[in-house]
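Visitor: Sequence:
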Amino acid sequence: MEPEAGDHGLAFRSLHSGSGEMKLRKRKSTLYVNTQEKRSQRGADVRLYSLMKHVGNQEVARWVMCSWFTWYCCTRTLTNTTETAFTAIALFYYPLEGSRSVNSVKYSLLVALACIVRPTALIPWVPLLFSHFYQEQRKRHLTLRHFLPVGQGFPVVLGSHLPFFVHGCFLAPRRLHILLLTVLWTLLVYRGPDPASASVFIMMPCHSTPYYSHVHCPLSMRFLQCPPDLTGKSQYLDEADMFYLNPLSWLQQEFRSNASLPTHLVTFSVLEKEIRAFLTSGSYERTAIVFHTHWPEGRTGSHIHVYERRLPGSVATGGSEL
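By the count of this note's numbering, the sequence shown reaches residue 414 at its end, each step adding exactly one.
Hints listed in this document are in silico derivations from the structure and should not be mistaken for laboratory results.
Treat the numbers as computed from the prediction; the structure is a model and nothing was measured.
A couple of the hints might just be wrong.
[Said to hold, decoys possible] Across the chosen pairs, the derived CB separations fall in these ranges:
no. : residue 1 : residue 2 : range
1   : E366      : S289      : 27 to 33 Å
2   : F383      : D333      : 23 to 29 Å
3   : S223      : A351      : 35 to 41 Å
C-beta: ideal position from N, C-alpha, C; glycine also.
Please model the entire structure based on the sequences and the hints provided.
Guide: Below is the structure:
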């Protein structure tokens, strides 16, 4: 039985429609794959463009990549380029008003990475982080759980007293006061001595020590000065010269009151015999000996002696030799 002419047309139309449907499916799958690839290949520049498009409008987004700052940072060294990329992507996930791509975890991690690459990246993020914290509804949960885990040391310190301590905190009407009293008093115990009360007097020739360039702390220090002669005197003597003429007499006149005595004295070993009376009356004890030279001459000595004033009731630490 031969097929009719209409059957040929129907078969052709079904074949044509089937091939068209296959092409349409292939086109859809290609578009889907391309969309996924584009999404996975989004870089910092694309995310910056998308952010400005969401926050602002299309006109603003067109000009964002033409900014001179973008050109300056994206073409510099690897550190600046990485910092700029992390910052741009973090802004894409930052909870800005009008932004539809908010993810606090992602932007926080990106900000942390940017600060690791370049610590100064934290400067523009300080107001943004404070703004996010102000807008956050769960401030207490965010602070205590993620940023201030202050309770991890309590089990180690309390030991077997931990259950009773927790039970007492729940029974107390003012639990926060108990927590503060438990934590803050330890800061006073382990604070250490007051560094502002220490003072050093260096009884050595001028510029024998590097002075403040090697002592990076707010410490009161003094040394024997030797300024140039600006008066035109023929018999000019600076402070160091006057000191070495009679060290004991100079010290007794300079420190008539015990309240003005420094806590530490630094001098060469050649002066120990001459100023021994002053050291005894001021309750100074030698605490350290530092080697200086094998060939001492003039005002210098073979060793440097460090003396510390021992007030009544203080505990001596003993001497040391370097």
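Visitor: Indicate, hint by hint, whether the structure satisfies it.
Guide: Hint check:
1. One distance hint, 27 to 33 Å for the beta-carbon pair E366 and S289, holds here, with the actual separation near 28 Å.
2. Taking the beta carbon of each, F383 and D333 are about 27 Å apart, inside 23 to 29 Å as hinted.
3. Checked against the given bound of 35 to 41 Å, the beta carbons of S223 and A351, roughly 52 Å apart, lie outside it.
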